[in-house]
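Asks: One-letter residues, chain by chain:
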Amino acid sequence: MQTSPAEQTVYTIDNIDREIIRITQQGLPLVREPYQAIAAQLGISTQQLIERMQAMTDSGIIRRTGVVPNHYKLGYTANGMSVWNVPETLITEIGMTIGALDFVSHCYQRPRFLPEWPYNLFAMVHGRSKDEVRDKVEIIAGLLGDNNRGHSVLFSTKILKKTGLRIKD
Amino acid sequence: MMEALHSLDKKIINSLQGGFPLCEKPWDVLSQQLDIPADEIMSRIERLMQDGYISRFGPMYNAEKLGGGLTLAAMKVPPNRFDEVTDCVNAFDEVAHNYQRDHIFNMWFVLATEKPEQIKQIIKKIEKQTGLLVYNMPKKEEYFLGLKFEV
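Order-wise, the sequence lines are chains A and B. Quick note, the first sequence lines up with residues 1 to 169 if you use the working numbering. Quick note, the second sequence lines up with residues 1001 to 1151 if you use the working numbering.
In case anyone wonders, no lab produced these hints; they're calculated from the structure. Just to be clear, a hint being listed does not mean it is correct.
[As the list claims (entries may be wrong)] Quick list of in silico lysine-lysine cross-link-like pairs, DSBU-like style, CA-CA up to 30 Å:
1) B:K1011 x A:K73
2) A:K73 x A:K162
3) B:K1010 x A:K162
Extracted from the complex, chain B is given alone in its bound form (with noise of 0.2 Å):
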């Protein structure tokens, strides 16, 4: 839980969501900005990531810069016809997340494809075998300041 953790970890995982320096050795750039030796920052993120507080340390990629499609679709399931059209949608490799949502619009996918113009393919194979309209929604803008997940 959250009191568990030290204020040092909660420093290293409030400045290091973006700010990961780009350098030959930055650990020793980010040990002056913490005022942390360099040491004891790798030591705390080795124990973060075990521990499952931080669940990833690297780079991340925005897949669509890399080419693919992706896209968010929600549909309108009967519920009487969830778990059946649950299966079909998931068997498509290109759903990469699918959550179920207290709304009429209940279903609620993320499509991830090798190229843009196999979303609209997809789509219209989950119509054809579900009869159900899938509404997409790729996003049109994006407002993202940079991650600032305060702990």
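Okay, chain A solo, but in the shape it has when bound (with noise of 0.2 Å):
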């Protein structure tokens, strides 16, 4: 289960942390004991693996285990960056109300750059059409009210490039 921040435990990695990374950062194996599959690759065991595993998740370094859903194939083929100016002072408690909501993937706060960008929130919006889009972008300014002092939606028109974020070894 992802850790909220505030929860999250500091844990330094050591080298066999750093081979369990290498392992299962392309995935789990689809097998009746996974763990136990990746444990006799390293030569560990499984309770020591399971151990290792979630003391990265409690630290944060590992976000969740599961599967990533495929947004283009389950037909959320729109994604919007939504980018709102709200004040600082309310920003955090701000962030987690859309943060919760089922529409919204990411969300984060970033610097503003005035008077070019006077946005502070982010926050990516899936849905199966444009407008689907819009009208989600109108909901997260319903809630916020008189605290949404500008915004604007941000649709790619181009992938220019990607890569995997890869962890080196």
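Grab the two chains, each in its own frame, and use the hints to assemble them into the complex.
Replies: In structure tokens form, the structure reads like this:
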């Protein structure tokens, strides 16, 4: 399960953890006892592997373990980067509210560049069409009310590059 | 398309986005939670991966926590220079994703470096090579409450 940043512990990885990351970052084997299979590959016990992966999960090194759905294949072909200018003093509360919406996949606070970029909150909104994304952006605007000091939604018009985020050994 | 998905497939996708158990017999735990036989969950996941509905199964790592640098950067590229600037930016291995967007800030890319201090160096190089400003927008805070992408 996801650990919220406030609850995260500090954990420093060692060489065995690096090996675990190297082997599992492409995925877990789809077998009855996947952790046992990984542990056997590393020459450690299943219990040791589970403890290490638990420590990495508790410290936020592992965000979560499970399946990653392919949004496009599932019909969610439109995504818009919605950006918001909200009061800095309320941003954590607002971010938590928006981040919890089921059509928002990522929600971050980022720096403004005044005057040309007044937006300090980013929320990636998914939908089956651009219109659906726009409707959802309006739902967010409704939730923010007076705390919305301006917003925009940026649709991607072209993927210029896409490589996996690789974790170095 | 969506219609082809069996209700059990949907159930598996919805419940397995963050909750794969970390224990010796994870499929048995899931089987109890979902009330689906373990073998059937596994075979459904296998098929969903083959058909492309699931792009990955396993732990998702947070690159920053592993000591690397990560940021989102934006540029305002004059339309007549867009292809040239794209080639320049994409030539950097550290540029992981790059998207054109319909805004005056029309180029948005993710920089991922082995060490945090390399972010500034790459940005300086891009600015020097293109003569354009790069707006560095690293995240200051994340509001991520676990993915719950309902199908």
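Asks: Each hint needs a verdict: does it hold in this structure or not?
Replies: A quick look at each hint next to the structure:
For the suggested pair K1011 of chain B and K73 of chain A, the alpha carbons sit about 16 Å apart, so the restraint of at most 30 Å is met. Pair hint K73 of chain A plus K162 of chain A holds up; C-alpha atoms about 17 Å apart against a cutoff of 30 Å. Among the hinted pairs, K1010 of chain B with K162 of chain A is consistent with the structure: their alpha-carbon atoms are about 27 Å apart, no more than 30 Å.
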